[in-house]
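Asker: Chains A and B, in that order, are what the protein sequence lines are.
Residues 2 to 293 (our numbering) are what the first sequence spells out, left to right.
Residues 2 to 293 (our numbering) are what the second sequence spells out, left to right.
By construction, these hints were calculated from the structure, which means they are not laboratory data.
Check the hints yourself; a few may be wrong.
Each pair may be met inside one copy or between any two copies, as identical chains are not told apart.
The list that follows gives simulated cross-link-like pairs (lysine-lysine, DSBU-like), each with its CA atoms no further than 35 Å apart [as the list claims (entries may be wrong)]:
id, residue 1, residue 2
1, LYS62, LYS6
2, LYS71, LYS117
3, LYS75, LYS6
4, LYS75, LYS234
5, LYS62, LYS14
6, LYS14, LYS46
7, LYS211, LYS62
8, LYS46, LYS211
9, LYS46, LYS196
10, LYS241, LYS75
11, LYS241, LYS6
12, LYS46, LYS75
13, LYS6, LYS71
Protein chains: 2
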Amino acid sequence: MDAVKECLRNFPKEARELYLNDTVPYLDGPLSPLQFYRDWIGPNKPCIIHNAFSDWPALSKWNATYLREKVGSKVISVAVTPNGYADAVNGDRFVMPEERQMTFSSLLDIIEGKVKCSGVFYVQKQCSNLTEELPELTGDVQTHILWMSEALVHKDHYENLYCVITGQKEFILLPPTDRPFIPYELYQPATYRQKEDGNFEIVDEEDSTKVPWIPLDPLNPDYDRYPSYRLAKPLLCTVKAGEMLYLPSLWFHHVRQSHGCIAVNFWYDMEYDMKYNYFQLVESLTNAVGSL
Amino acid sequence: MDAVKECLRNFPKEARELYLNDTVPYLDGPLSPLQFYRDWIGPNKPCIIHNAFSDWPALSKWNATYLREKVGSKVISVAVTPNGYADAVNGDRFVMPEERQMTFSSLLDIIEGKVKCSGVFYVQKQCSNLTEELPELTGDVQTHILWMSEALVHKDHYENLYCVITGQKEFILLPPTDRPFIPYELYQPATYRQKEDGNFEIVDEEDSTKVPWIPLDPLNPDYDRYPSYRLAKPLLCTVKAGEMLYLPSLWFHHVRQSHGCIAVNFWYDMEYDMKYNYFQLVESLTNAVGSL
Numbered sequence: 002m003d004a005v006k007e008c009l010r011n012f013p014k015e016a017r018e019l020y021l022n023d024t025v026p027y028l029d030g031p032l033s034p035l036q037f038y039r040d041w042i043g044p045n046k047p048c049i050i051h052n053a054f055s056d057w058p059a060l061s062k063w064n065a066t067y068l069r070e071k072v073g074s075k076v077i078s079v080a081v082t083p084n085g086y087a088d089a090v091n092g093d094r095f096v097m098p099e100e101r102q103m104t105f106s107s108l109l110d111i112i113e114g115k116v117k118c119s120g121v122f123y124v125q126k127q128c129s130n131l132t133e134e135l136p137e138l139t140g141d142v143q144t145h146i147l148w149m150s151e152a153l154v155h156k157d158h159y160e161n162l163y164c165v166i167t168g169q170k171e172f173i174l175l176p177p178t179d180r181p182f183i184p185y186e187l188y189q190p191a192t193y194r195q196k197e198d199g200n201f202e203i204v205d206e207e208d209s210t211k212v213p214w215i216p217l218d219p220l221n222p223d224y225d226r227y228p229s230y231r232l233a234k235p236l237l238c239t240v241k242a243g244e245m246l247y248l249p250s251l252w253f254h255h256v257r258q259s260h261g262c263i264a265v266n267f268w269y270d271m272e273y274d275m276k277y278n279y280f281q282l283v284e285s286l287t288n289a290v291g292s293l
Numbered sequence: 002m003d004a005v006k007e008c009l010r011n012f013p014k015e016a017r018e019l020y021l022n023d024t025v026p027y028l029d030g031p032l033s034p035l036q037f038y039r040d041w042i043g044p045n046k047p048c049i050i051h052n053a054f055s056d057w058p059a060l061s062k063w064n065a066t067y068l069r070e071k072v073g074s075k076v077i078s079v080a081v082t083p084n085g086y087a088d089a090v091n092g093d094r095f096v097m098p099e100e101r102q103m104t105f106s107s108l109l110d111i112i113e114g115k116v117k118c119s120g121v122f123y124v125q126k127q128c129s130n131l132t133e134e135l136p137e138l139t140g141d142v143q144t145h146i147l148w149m150s151e152a153l154v155h156k157d158h159y160e161n162l163y164c165v166i167t168g169q170k171e172f173i174l175l176p177p178t179d180r181p182f183i184p185y186e187l188y189q190p191a192t193y194r195q196k197e198d199g200n201f202e203i204v205d206e207e208d209s210t211k212v213p214w215i216p217l218d219p220l221n222p223d224y225d226r227y228p229s230y231r232l233a234k235p236l237l238c239t240v241k242a243g244e245m246l247y248l249p250s251l252w253f254h255h256v257r258q259s260h261g262c263i264a265v266n267f268w269y270d271m272e273y274d275m276k277y278n279y280f281q282l283v284e285s286l287t288n289a290v291g292s293l
């Protein structure tokens, strides 16, 4: 069994020696579909691309005044949490945000500080929701990335292109090959609910089974409790306005953002192929051997 | 440890369920570089391609008369064995062929039966050797496959395009994910040497360390000795004149051929990427757990 653990310890190290990068590289512009597939999607490696959507009107237009005018009266679904952590561990619970319906104007009032409100408000929309629920804004972006659509015909999880329009996002990324060093525990699912006094309570989801989730805070890892996480090698990167992050499927990620940050995401279902098959092996082995 | 073995038994099964094919598929013609990379090289799956080199003069020209005329006087290196098994296990030895220099005409005399000679004669030349040592023949083929060269820019082991010109080759292929079921043993390296009476003797290589090799004959597997090989799922295919086999890197293969078969091979160094990294993990785990 020690030999098996040694294999699992060596494997992520070899991944780094063989093909992973020490940092997230920058590309000067979009590549051809073949180049992008061969160099980034196939190898399953992240990169940040400059000038990939410099022609989008959204880059100059999307500010509070414009958004208020175009979609202020639209009712949207907003994720509300006391601390900005949506879908995260809190004590012995896995806690999801309160989903609240409000107009875009009301959200902007809160974000701009015109209305005081406790809690952190965040609008999450997948690409298709943008086109379906806010069609007034789709003229300001492209609704698909030509070279990516061509590179990926078969679609089934998520290859993610992350386009930051305003503000910036800070990512902590871990490759799938670091799975042996990443702890999972089982948590009772629950949801935040804001009380009348503005404080939040946590309400358990009834009749739901426990969910496996990562207990570790990558901003402040508890190495005493999770010593093998010392062997993981997180990549940190900041994606600024006008930049696009290719976040490959199966990569672990933690995201923080500047106040008022707006980003448009393109999700592409991943291939359930060799990399998924091998990842499942590593996951099942990590569960089988317990602590490294 | 039983759990680890269970993981290694399930993994090849899941590979088959997720993405491997039950048979080697046929394509009607060459694909674009992007399609070929995305659908076959990236996923590391074999296929047979029709009409990939139908314009080669070699297809109609390469017969004994033509070859005698063009390159009959050239001296070439021929691999000679008693049984056609070059680089194979014989008893407790790993035996390589005798390398013999002879003119192409002399080889043709033997192959055509004009000269009686015990043993099996086989000419092995890598692509670059064809262009360098037999430049008279390179006008009959293309010296590279355009859509493959473009798909693979980075080169480092072997992606193989196998073009059969005359006769046919029969392949037994096993995916890299079947590695847990494939036995390896250590053998003393040796070489065949034909004696004056026409019989072959086996001469040990001096001062050489033992080499790991697969002891199993896929044409007649000894399931009593290697029971887990029952769980492997070999793919059988026949590549006929005019057909091209894409034999992906890291796939186990066993090849037989018809008498007088001629084929041209294109080798491309593989990427030492994720698939190599994961394969190395499976290999080290298979060695660590011993028999499944």
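Asker: Now look at each hint and say whether the structure bears it out.
Answerer: Evaluated hints:
Taking the shortest Cα distances, LYS62 and LYS6 never come within 35 Å of each other, neither inside one copy (53 Å) nor across copies (58 Å). Within a single copy, LYS71 and LYS117 get their C-alpha atoms as close as 24 Å, which meets the 35 Å cut-off; across copies the closest is 90 Å, which misses it. Neither within a single protomer nor between protomers do LYS75 and LYS6 lie at most 35 Å apart by alpha-carbon distance, with minima of 54 Å and 56 Å respectively. In this assembly of identical chains, the alpha carbons of LYS75 and LYS234 never lie at most 35 Å apart, being 43 Å within a copy and 57 Å across copies at closest.
Proximity of LYS62 to LYS14 under the C-alpha cut-off of 35 Å is found in neither arrangement, the shortest distances being 45 Å within a copy and 52 Å between copies. For a Cα distance limit of 35 Å, the shortest separation of LYS14 from LYS46 qualifies both inside one copy, at 16 Å, and across copies, at 27 Å. Within a single copy, LYS211 and LYS62 get their C-alpha atoms no closer than 44 Å, and across copies no closer than 70 Å, so neither meets the 35 Å cut-off. In the homo-oligomer, the alpha carbons of LYS46 and LYS211 lie at most 35 Å apart inside one protomer (32 Å), although the nearest pairing across protomers, at 38 Å, exceeds that limit.
Taking CA atoms no more than 35 Å apart as the test, LYS46 paired with LYS196 passes in neither setting, with 43 Å inside one copy and 57 Å between copies. Taking the shortest Cα distances, LYS241 and LYS75 sit within 35 Å of each other inside one copy (28 Å), while across copies they are farther apart (64 Å). In the homo-oligomer, the alpha carbons of LYS241 and LYS6 never lie at most 35 Å apart, since the shortest distance is 40 Å inside one protomer and 46 Å across protomers. In the homo-oligomer, the alpha carbons of LYS46 and LYS75 never lie at most 35 Å apart, since the shortest distance is 38 Å inside one protomer and 49 Å across protomers.
Within a single copy, LYS6 and LYS71 get their C-alpha atoms no closer than 57 Å, and across copies no closer than 60 Å, so neither meets the 35 Å cut-off.
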